[in-house]
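Residue-level listing of the chains:
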Amino acid sequence: MSQHDTTDDDDTDLWIGRRDVMKAGAVGAVAAGLGSSLTSLTPLAQAEDGRTDLVEHTGDWRPSTCAGCTSWCAAQVLVDDETDRVLRTRGHEDSRIHGTNDCPRQDLGIQQLYDPDRITQPMRRTNPEKGRDVDPEFEPISWEEAIGEIADRIMELRENGEPETFMVTRGRYTYLRPILYSYLPQIIGSPNNISHSAICAEAEKFGPMYTEGEWSYRQYDVQQSRYVLAWGADPISANRQVSHYSNEFGDLLDRATVAVVEPRLSSTATKSDEWLPVEPGHDGALASAMAHVILRDGLWNREFVGEFEDGENRFVPGERVDPETFEESENSRGVIEWWNEELYDKEPEWAADEAGVPAEQIERVATGFAEAGPNAISWLGGGPCMQVRGSYTAMAIHALNGLVGSVGNRGGTLYAPSTGVEDLPAPDEYVDEVAEAGLDHEKIDQRGRLEFPALKDGESGGGVVTNNAADGILDEDPNEIEVLISYWNNFAFSNPESQRWEEALAEIPFHATIETHASETAWFADVVLPATHHQFERWGQLRSTGAGYRTINLHTPVMADDPDDPEDVLENGRLWDVKTDETEIPYLLAEALADRGFENLLAFFETEYPDPESGRSLREEIPGDDFESRELRAQAFSRNALKLRTRPIWDPDYRENEFDWPGGEEFDDWVEFRERGIWHTDEWEYRHRWPSEGGEFDTDTGVFEFDGETLRNALEGHAERHDTDVDTVLDVCNYQGRVDDPDAPDAFVPHYEEPYDMGDEDDYPFNFVDYKDRLNREGRSANTPWAQEFNDVNPGDEPGKDLAKINPRDADRLGIEDGDEISIRSPVGEIESTAKLWEGVRPGTVAKTWGQGHWAYGRVASDEFGDEARGGSNNVVIGAEYDRLSGSSVFYGDVRVDIETR
Amino acid sequence: MSSESESLDAELETTTLDGEGVDLSMVIDLQRCTGCGACNIGCAQENNLQEGMAYSSRIIETNGEFPNVSYEYTPTLCNQCDDAPCAEGCPTSALHKGKGGITMHDHETCIGCKSCMINCPYDEIHLNEEDPHPTWESEEATIESGTASARAVKDRAGVDDDVDAPAYYNPNREVSETEHPTRYKGIVEKCNFCVHRLERDELPRCVEECPCEARIFGDRNDPDSTVNEVLAKYNPDVLKADEGTEPSVNYVRDYNGGSYERGTGEPGLGD
Amino acid sequence: MSDTLDDRIAAERQRAETYRLLAALFQPPDAGGMDGLEATTDADVSIAVGRLREAVPDRDSLKLDHAGLFVGPFDLLAPPYESVYVDDETRVMTEATERVRTEYREAGVDIDLDEPADHVAAELEFTYLLVATEVEALDAGAFEAAERCLERQYEFLSAHLGRWISELAENMREHADTAFYSALADEARSFVEADGRRLAERLERLDSTDDDLVAVLEGGENR
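Chains as they are written, first to last, in the working numbering: chain X, 3 to 904; chain E, 56 to 326; chain V, -16 to 206.
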C-alpha cells in the first residue's frame, strides 16, 4: 500500500500524523465548520483530549503548623496557584508522628482564616465607658497611630517610675514568644508577664514532677503498649497528639485493653474495653486502691521498684510493712513509705464506696494494668487533677507507672528527646536602672504567696496562677495595672468565673489587645491590633511530640511566594492589614519608643537580631525612617528571629562549632529547612533515665520517688519563705494532707483527699462535669460554621446546640424533659441551657461541653454580636478556685451546681 | 501510621474510572473510626457544601442504661446502590448509574421533582431550596470599618461575584466549560464518590481525609484490591440490607472495639 | 485519477449526507428534520427519500407517532437509546451512555439534546461527522488521515450504532402507527448495516492488499 504524501499545505495542519486526526482538532473543527447544520451535537470549545474543560487548578502544599490545640501537628497547606487562595490543610507528610493524618480541627483553620468577622485593621475605642453592655464604638486607625498610642502610655509609666504597672498576658504563642512575652516587659521594667498555662492543664505536670522530676506533659508509647488506663484523658478527642493517637487507636484496641476513668462517657470511653464512671473529685481513691491491689497481689515491677529480701510479699491489706524487709531497686525509692502512709488500707471496697466504681472493676483493671506492665500506661489527663486537691491525685496516677516500670519504657510514658533549637538572644545588657527597679516587684498574680505555692520545678512561686491575676488587678494588690497588652488570649471568656475578668479589664486604664477577632476581651480594649493567623500568615516555631519523637515545626506565611522577602509577605502573605503579635508588633513599638527617647528595645533588636546568614542588621537590610520601611524591617525581624532560633538545625557550621548538638536530622541551609518546615529529633531511647541503666531522674534524689521527697523539699522551701510550717501551708491552701497527723493523709506521698466542695451539697446537689469541645480550637472555633454544624462529634451532643446532659433518672426525679430550657446555677453564676437526657452521664452530675456561650467574637459564635450569647459559657458557673500547689485553675471535680427548668 | 496509607496509595494506581467493568466500593472499618467528623468537614470543603447539605454524615446511637451504655457512631454517605431507587425513579435520568457503578447526577437535566429524595431509603439526597451560601453574599461588617464582610473576603481572595461559594471554595469540584463549583436552587445533589477526584487519580476526599484510615476504597472487580481483601477478612454489613438496594458501601467490625478479643484482631461476639 | 478521486469523494459525501438526514428524521418532527427531507433529492443520499416523502402523514399524526415511539412519558414503544438494547432494557443512562459520551468528547463534540448521549439521532449525527471529516481529509489529500477516519467509523458502528439499529427498527415497525416511521426503520437499518459491512470490506482490503485508498473507495456509489 503506497502512502500518499499530503499535498495541500493549507489543510495539512489538521492532518499531521495518524493519531492527530482523531484528536478533537479535526473532528471538532469539522463540527465547528458545520455549525448550525448540526442538530444533536455541538462542538466543544478548544477540546484537546476531551478533558480540557476540566480547568486544572494546581497548587503547592506549603509547610506550616496547626495550633488548634497543643498537639501542634506539623501541617501542609494547599495554596491554589492561580489565585493564591488557601484551599486545604492536612498533616505534614514528612511527620513521623502523624503523616498526613490530621484531626478535624485543622480544617477549621481555613474558616478562621477567611472568616468575615476577622478584624482587618487596627481599631480604637471611642466610648470611654467600659462594660459588658457597653458598645466600645470602635473606629479605624492606622498602625502608626495605634503603635504610637501604646508607646505614649509606656513612656508615661517609665517617666513616672512605675513600669511595674505594665502587664503582658499571653495566650496562644510560638517559641518566638520571649520577644513579646519576656524581653519586652523586661526592658520596660515589669515583672507582670502572665501566661495562660494555669488554665491549661498545669496540674498535670505536678504528677510527673514530684515522682520523676519532670514538670511537663508526656507522650505515650501506644504502639508498644498492652494496657492503656486513661484518667480524664481523651486522646482521640483532645490533647496532646490527637492526630497520632486517633490514627493508632484502631490498632491499639486489637493489641491492648483500654480503660477510661471519667464521670461521663467520653469519646475514648465509647470505644474502650472498660469505662470507670468515677464520681467527680474521687479519682484519687481509685488510684490509691489500684496501687493497693498491685502491691497486694505482688504485681509490681521488681526491676523498677525492688523486692522483699526473702521474696515474701508483705503487702497485706490493713498491715504496715517494715521497710527493712524490702530492698529498693536503684531506680526508685519510697514504695514502703507509700504503702505505710497511704495505700495499706485503701482497699477496692472502700474505693468503691468513695468513688462509685464497682470493686470488682477496680480489681480487674488494676490487675490487667499491672499484668501488662511494663507495657502499660497510666495516662494522666487534666480531669482528675485540675481540682482543688488535684496535685496529689496527679502524683498517685503517675506513680502507677512507677509501680509497673513503664516510666520512660517501651509501651509506657515517655517525654521528648532533646531538640536542636537555640535560645533567642536575651536582653540583659539592655535593661536599665528604671527597669531593674520595676522588675523588683511582686507579680500581679500573687504567685509565691503563702496561699499560692505554685511549685513549678520545685520552686516556691515558680509557676503562674493565671486566673488570680484578675483579683490582683481588682484589688490593686501588689499594685495597679495601668497598661495591658494582651495577645492571642480571651481571658474574659476562658478563665473560670470569667465575669471577674470583665470587671478587671474594665478597670485597666489602657488596654491594647492583639487578636484576630473582636472577642469578649477585645470588648474592653482601648486599642485593637489585628493579628496574623498562626496557621497561615506568619513566621513561628512550635513542636510536636509523639511516636517516640519530637519535631520542630514551623509556621510559615504560606500565601507568599518568597516568604523570606518582607515585601512579598506584607503584600501577599496575609489577607488583611494584620501583624504578628510576637515579632512585628514589638519591633514597631521599639521604633516608636525610640522616637520618644527610649531606645533600649530598638537597640536590642537592631544589635542582637541580624540575619544570621548574611550578617546584616535590620537597618542594613532595609534602611529608612518612614513607617513603611519600619513595617518591612518588622517583618524581616520576624524572619531573623526564627532563623536565629532554629539555627543549629539548618546551619552546619553553627551546629558543629557553637552548639551542643543532641542529634536529629540535619539540614544544610535555611531555604532547605524552611521549605520542608519540619525537623525530627532522634528517637526516644527507652529507659535511658533509669539509674540502673546509667541514667538519672531529675528529682532531688536522682531516682523515681514514691515518697514525695522532692515535694517535701519544695513545700519546706515555701513554708520557710513564709516563716511557717508545711502544715500551715497545706491548711491555707485547702489540702487535707498533714506532716505528722495520724488522722490526716501524709503530706508528701501520693494520696487521696476528699473533694473540696465548691458550694453546699444541699443547695447545689449536682456535680458539674465540664470538658472541652472536640472541635474546640482553644476557644476560637465557635465562629466557624463547621464547628457548629458537626459538634455532635461530642458524644451526647446535637448539631448546632449547646446542651446540658443529664441522666434520665435524675431528669425524671426533677421533672425535666428532653429539650426543656433550664438554668444552671452555682454559687458564682448562672447560665441558661437546654436539657438533654443521656445515659452516658453519671447520675448526680450534669455534663456540658465547654466552648459555647460567646456573646462577642463574631456572628456565628454569638446569637447577637455584643449582645446575646449563643448557648451558655461554662466558665460563668465555674468558680475561681485553684489547686494551689500547682497554681492551676480548677475546672473539674469540685464544681457544684443546681439545675431547674426555666 | 499504619501501612494502610501505603496500600491505599497503591490502590489508586489500579483503580481508574475508565476501565470497563470497574465496580467501585467503599468499606468503612468501624473499629478504626473514632467518630471525629474529619470526613464530614473534608467533604463539605471538597464539594463546597453549605450547612445542612452534608453528603458525608453520621448515624449516632446511644443504647443501654448507665453504666452499661453503648454509643455507636456510624459514618454515612450515599451508598451508590447497584440497584438504585433514585436513578430508577428519576424521570429525566438526571440520576443515573455511571462509570464505576457510581450513581451520577447530571444537574443540568435535574428538574427538582424530588422523587429521588422520596425513593432513597437512606436520605442521602439533598435539595437546594435556595442558591447556596447566601451568607457569603453579605456586605455587612460586624464592626463597621473594622471587621471584614463576606463580600470583602471574597474580593480579597479574588473570588468572582457570581460564584455562590465561600472564599475558600474548591475550584476542582464539578468543573465544566464554565466553572460550577456549587449547585443551585431547585435541583438536588448528592455524593458522587468524588468522581472529579477519581478522574485525577485521587481517592474520594473522605477516604483521604480520615485520620484513622478507617475508609478503604477500590474496585470490587479487581480480585487483588484492598477492598476485596478487607471484605474477605471480616463479615461486612450494609445499611438497611432488607431494602434490597445493594449498596456499594460496606461496614466491617464494630465501633465498640472493646468487644474484641485482644491481640488477635478477630471479631468478638458483636460482629 | 483525480476524476476517480472526485467521484469517490462525491460518493463519500453522499454517505455523510445520508447519516445526517437520518439523524434529523429521528428528531421530533418540529425540529426541522422534515424540511430537510423536502430539500433532499435521491442523488444526495443513499436511501429512498422518495419513499419516505410519500409516507409522510399529516403533522399531527406524525408528532403523535413520534412521541409514542420515542418520547413517552412512560413506556417508550421504541426506545431510541443504545443503553436499553445493550445494557439493560429497563435502564437509561448506563455505562453504555457514558462510553458513547466519552467518544463524543474525545472527538471534540458533545451531546446537545435534552437526551442521553446514546440517543439514535446523536449517534447518527456523530457518524455523519466522522464521515464528513473523512471527506475533508480526502479533499485535502490527507489519505492516511482519511483511512483513519474509516477505521474510526467502523469502530463506532461496531461498538455502538450498528449493534442496536436493527432491534430499534424492529420495535419501530411493530409499533409505528404511521407508514413514515415504518419506512424510516427500514431505510435506517438497511443503510447502516450495509454501510457497516462495506466499511469492513474496505478495511480488510486496505489491510491485506496493495490497493490504495482511492481504489478501495470504489463501490461507494448510490446503490
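Hints were generated in silico from the structure; no laboratory data involved.
Hints are supplied without guarantee of correctness; some may be wrong.
Claimed, not checked - Not everything, but these chain V residues come out facing chain X in the computed CB check (under 7 Å):
1) ALA38
2) VAL39
3) ALA90
4) LEU112
All figures in this text were calculated on a predicted structure; none of them were measured in a lab.
Where is the CB? At the ideal position from N, CA and C, for every residue including glycine.
Restraint: V/VAL39 near chain X, CB-CB cut 7 Å. Satisfied or not?
violated, 18 Å
Holds or violated: the hint that V/ALA90 contacts chain X, with Cβ atoms closer than 7 Å.
holds, 4 Å
Under 7 Å is the threshold here; is the Cβ of V/ALA38 close enough to any Cβ of chain X for the hint to stand?
Because about 21 Å separates V/ALA38 from the closest Cβ in chain X, which is outside the 7 Å limit, the hint is violated.
Return the status of the interface hint for V/LEU112: holds when the least beta-carbon distance to chain X is below 7 Å, violated otherwise.
holds, 6 Å
Violated hints for the displayed structure, listed by number in ascending order: 1 and 2.
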